[in-house]
Amino acid sequence: MLKKPAPTQTALEMVTLDSLVPKDHVLRKIDAVIDFSFIHGRVAGLYCADNGRPPLDPTLMFKALFIGYLFGIRSERQLVREIEVNVAYRWFLQMKLTDGVFDASTLSQNRRRRFNDTSVAQDIFDHIVEQAIRHGLVDGTVLYTDS
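Anchor point for the sequence shown: position 43 equals 43 in the UniProt record's numbering, and the numbering is continuous, going up by one each time.
Wrong hints could be hidden among the right ones.
Label pairs and their in silico Cβ distance ranges [unchecked claim]:
no., residue 1, residue 2, range
1, H25, F125, 18 to 28 Å
2, T10, G41, 44 to 54 Å
3, Q78, G45, 50 to 60 Å
Just so you know, these hints were derived from the structure itself, not from any lab.
Glycine included, C-beta positions come from ideal geometry on N, C-alpha and C.
Please build the complete structure, drawing on both the sequences and the hints.
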């Protein structure tokens, strides 16, 4: 007999974010070998130390942008929507499931105001790619496809 499943949306479950991300997920491999700690030092001069609103953590911002590039998410709005629902992205960004996600305009405003007329953002991504090459995550091959 066909039965309609009972709704389970209100069930309380005890899980860790770590347990929800597959052990072989590409972001786990990246997290294991890429050191993102250099980012704070590279951007420190672009932030005011004694006034203004607290900024989005620059490491979080660049890791989020990295996710966008890695997975072909070209829209910052779409990237934010994906971070809201993708457990692996939240794990990589060290965000709890209950953490609110920054607004897409935060990314665009940083790009327009803070990183405009500097090579800092490009330097950061170049350094990340260099690390990826050193650890064998990137081989420099370009793949072209036609649908």
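Original post:
Against which earlier hints does the structure fall short, listed by number upward?
Top reply: 3
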